[in-house]
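> Letter by letter, the chains look like this.
2 protein chains.
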Amino acid sequence: MEKDVTIYDIARELDLSPTTISRALNDHPAVNKKTKQRINEAAEQMGYRSNLFASNLRKQHTNTIGVIVPRLNSPFMSSVIAGMEKIANEAGYNLIISQSLETLEKEKANAKTMFDSRVDGLLVSLSYETENLDHFESFISRGIPLIFYDRVAEHNQCTSIVIDNLQAAHRATTHLIEQGCTNIVHITGNLKRNVYADRLKGYKYALIDHDLPFSESNIIVNSLSEEAGEEAAKQILKMKSLPDGIFVSNDTCAVSCIKALKREGISVPKDIAVIGFNNDPISRVIEPNLTTINYPGYEMGELAVKVLLLQLNGTSDNVSSNTVNLRSELIIRESSLRSKASSKKQAVFV
Amino acid sequence: MEKDVTIYDIARELDLSPTTISRALNDHPAVNKKTKQRINEAAEQMGYRSNLFASNLRKQHTNTIGVIVPRLNSPFMSSVIAGMEKIANEAGYNLIISQSLETLEKEKANAKTMFDSRVDGLLVSLSYETENLDHFESFISRGIPLIFYDRVAEHNQCTSIVIDNLQAAHRATTHLIEQGCTNIVHITGNLKRNVYADRLKGYKYALIDHDLPFSESNIIVNSLSEEAGEEAAKQILKMKSLPDGIFVSNDTCAVSCIKALKREGISVPKDIAVIGFNNDPISRVIEPNLTTINYPGYEMGELAVKVLLLQLNGTSDNVSSNTVNLRSELIIRESSLRSKASSKKQAVFV
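These protein sequences, in sequence, are chains A and B. Residue numbering for the first sequence follows the working numbering, beginning at 3 and increasing consecutively. Residue numbering for the second sequence follows the working numbering, beginning at 3 and increasing consecutively.
Take the hints with a grain of salt, since some may be wrong.
Pairs of lysine-lysine residues, derived as DSS-like cross-links and limited to a Cα-Cα distance of at most 30 Å, are as follows [to be verified]:
#  : chain 1 : residue 1 : chain 2 : residue 2
1  : B       : Lys36     : A       : Lys114
2  : A       : Lys110    : B       : Lys88
3  : A       : Lys38     : B       : Lys110
4  : B       : Lys264    : A       : Lys261
5  : A       : Lys264    : B       : Lys264
6  : A       : Lys272    : B       : Lys261
7  : B       : Lys110    : A       : Lys110
8  : A       : Lys308    : B       : Lys114
9  : B       : Lys88     : A       : Lys194
10 : A       : Lys114    : B       : Lys272
11 : A       : Lys261    : B       : Lys110
12 : B       : Lys308    : A       : Lys110
13 : B       : Lys114    : A       : Lys36
14 : B       : Lys114    : A       : Lys38
15 : A       : Lys110    : B       : Lys38
16 : A       : Lys261    : B       : Lys272
17 : A       : Lys264    : B       : Lys272
18 : B       : Lys35     : A       : Lys114
19 : A       : Lys206    : A       : Lys261
20 : B       : Lys114    : A       : Lys114
21 : A       : Lys308    : A       : Lys194
22 : B       : Lys110    : A       : Lys308
23 : A       : Lys114    : B       : Lys88
Listed next, the stretches of chain B that the computed footprint assigns to chain A, with coverage defined by at least 3 CB atoms under 8 Å from CB atoms of chain A [said to hold, decoys possible]:
#  : stretch
24 : 17 to 26
25 : 83 to 96
26 : 218 to 228
If you are wondering where the hints come from, they were derived from the structure by calculation, not from laboratory data. In this text, all values refer to a predicted model and were calculated from it rather than measured experimentally. Where a beta carbon is used, it is the ideal one built from N, C-alpha and C, also for glycine.
Could you build the full structure based on these sequences and the hints that come with them?
This is the structure we're talking about:
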């Protein structure tokens with residue numbers, strides 16, 4: 003097994019002192035240009051690990067962007083990452099990705115790994131558990147650009163990229179009300195995170211705007227997984243009065259909920275109209291096809307890297323500390339259409 | 003903006019020579035233990051980047067495992083990575099993941115990034131384009147464990163983890179034949195990769211074993227994407243004699259193909275029986291539910307990291323250079339069931 007090449011190996015090879023080697027690799031002024039070149043060439047030939055002795059790492063780009071995601075197992079996150087890859091590739095950057103699995107402990111470990119890997123910038127969507135940004139301080143204090151997307155937090159040196167979750171949820175709930183629903187259940191995720199908290203607000207405000215009562219008992223908070231959708235359906239079927247509408251915070255959970263309701267003889271949308279969130283491919287496979295919010299994940303990924311590159315190139319001090327809002331869209335399909343005549347006018351069929 | 007701490011900063015702080023600092027951080031015997039401790043403490047306090055001056059990196063674990071995948075956008079790959087995370091977490095390791103996007107160029111860049119990030123080991127599923135393993139030589143020559151999974155290549159120092167693709171495809175094709183199909187189309191991916199080449203063989207051998215003719219014109223090679231499934235359906239509808247069975251190499255493509263066939267008035271399974279591959283959640287949403295091969299992605303991910311850890315702990319020289327085969331399973335659902343009586347006996351319903 004070959005050992006890694008050290009400055010001592012290079013020193014032996016060239017009959018120079020390790021200090022000279024170290025200085026040359028650090029571009030120290032005390033070493034003359036010709037010697038530096040000789041040392042750099044030898045280092046490269048001998049397979050010395052590049053960048054290892056960088057004295058000022060900020061000058062020496064690794065051309066790597068770190069991405070921390072809660073979980074990779076969703077079409078939404080795949081789209082975001084595909085958008086990131088596109089822009090990163092075009093600019094000659096490589097992405098490395100890690101998952102927090104919704105825990106703070108893993109998110110901290112990820113941040114340390116990314117820092118030790120000397121990423122040029124970091125893109126983060128926060129875990130369920132994250133309460134503060136202390137574990138990103140090493141990036142912020144060194145001026146390594148840090149961008150939050152989707153699940154974001156406020157920080158005066160970081161840009162956040164989001165959709166207007168409140169508005170999207172308001173539009174979805176209003177659509178259900180326009181379809182004649184008066185008793186609407188909302189299924190959503192951990193309310194600590196902006197995305198779910200804002201959707202709950204949007205749902206609530208839409209009810210209020212249409213003089214419908216808001217009831218805590220109509221809110222189901224779960225993990226939004228396939229299994230959670232089955233469970234939510236059971237819970238709904240046990241409710242004192244069966245709801246006539248359900249607005250779910252992702253498509254995975256909405257689809258498994260519809261499947262479970264159908265098995266119990268509930269007709270969707272006749273008995274219960276259902277709306278999801280994300281516009282995952284599965285929303286076009288379930289019968290009836292699912293009304294949902296088109297979440298521009300790909301565009302969000304593209305934009306996150308674009309903003310990061312602007313900051314890396316030092317041309318956008320004025321962009322940071324902003325929140326960038328992307329547009330989302332209600333995609334109306336059969337799962338929510340109870341009054342065809344009234345809705346055709348405003349519907350966007352995709 | 004804070005600069006990164008260098009050995010010169012530590013030297014200044016402690017009034018010692020940079021050489022002494024460098025030696026101490028490299029655990030050089032010329033520096034006494036007390037001084038080393040003082041230097042290590044100062045380095046830590048000053049936020050010196052850990053491991054940067056490691057003289058023998060193999061001794062200094064980063065507790066990071068690198069993963070290179072073709073694409074992240076599939077439930078199969080998500081399952082693999084979830085299995086990897088589980089075992090890695092339990093052992094105190096963190097994963098960093100990058101995508102080759104099916105190109106050799108990106109796979110090379112990923113390998114370099116992983117090497118420069120000093121991962122303790124690397125798990126790789128190869129891109130469509132990869133022809134040789136030269137770009138992994140830096141890992142192999144340094145004894146950094148390298149494991150291939152799913153899309154693998156032969157190397158006498160690397161373990162490969164696969165399912166028996168030939169057998170799985172043989173079983174799927176045989177099932178179609180038992181359901182009365184005699185003209186079966188096979189839709190698959192790039193035949194350079196073992197997984198698709200082996201499935202084609204399994205399909206072919208099953209035909210031969212049942213005295214059915216094999217015809218090149220019944221093979222459709224595409225990207226196995228949602229769009230590719232639509233295209234394949236169009237191609238099939240134009241065939242001189244309509245096939246009575248289709249075996250597709252993933253569920254995404256099988257589902258979009260079924261949707262397109264249904265739109266054209268084809269009944270599945272009556273007119274054409276369809277089988278997919280992977281057992282993605284979407285296979286239980288499409289109507290009729292899709293017969294498919296259950297691909298144990300989670301178990302594959304777990305096993306890949308387990309084998310890697312054995313090699314890292316130096317306890318398994320005898321394990322390397324092996325190929326490990328995982329069991330897969332045919333899941334029979336409505337999309338292939340044309341003769342209910344005959345198949346009930348042998349069917350595994352899930």
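> Next, verify each hint and record whether it holds.
For each hint, the structure was consulted:
no.	hint	result
1	Lys36(B) with Lys114(A)	holds, 28 Å
2	Lys110(A) with Lys88(B)	holds, 17 Å
3	Lys38(A) with Lys110(B)	holds, 28 Å
4	Lys264(B) with Lys261(A)	holds, 20 Å
5	Lys264(A) with Lys264(B)	holds, 21 Å
6	Lys272(A) with Lys261(B)	holds, 24 Å
7	Lys110(B) with Lys110(A)	holds, 28 Å
8	Lys308(A) with Lys114(B)	holds, 24 Å
9	Lys88(B) with Lys194(A)	holds, 25 Å
10	Lys114(A) with Lys272(B)	violated, 56 Å
11	Lys261(A) with Lys110(B)	violated, 44 Å
12	Lys308(B) with Lys110(A)	holds, 24 Å
13	Lys114(B) with Lys36(A)	holds, 28 Å
14	Lys114(B) with Lys38(A)	holds, 24 Å
15	Lys110(A) with Lys38(B)	holds, 28 Å
16	Lys261(A) with Lys272(B)	holds, 24 Å
17	Lys264(A) with Lys272(B)	holds, 24 Å
18	Lys35(B) with Lys114(A)	holds, 28 Å
19	Lys206(A) with Lys261(A)	holds, 26 Å
20	Lys114(B) with Lys114(A)	holds, 20 Å
21	Lys308(A) with Lys194(A)	holds, 28 Å
22	Lys110(B) with Lys308(A)	holds, 24 Å
23	Lys114(A) with Lys88(B)	holds, 19 Å
24	17 to 26	holds (count 3)
25	83 to 96	holds (count 5)
26	218 to 228	violated (count 1)
Against the hints set out earlier in the document, violations occur for numbers 10, 11 and 26.
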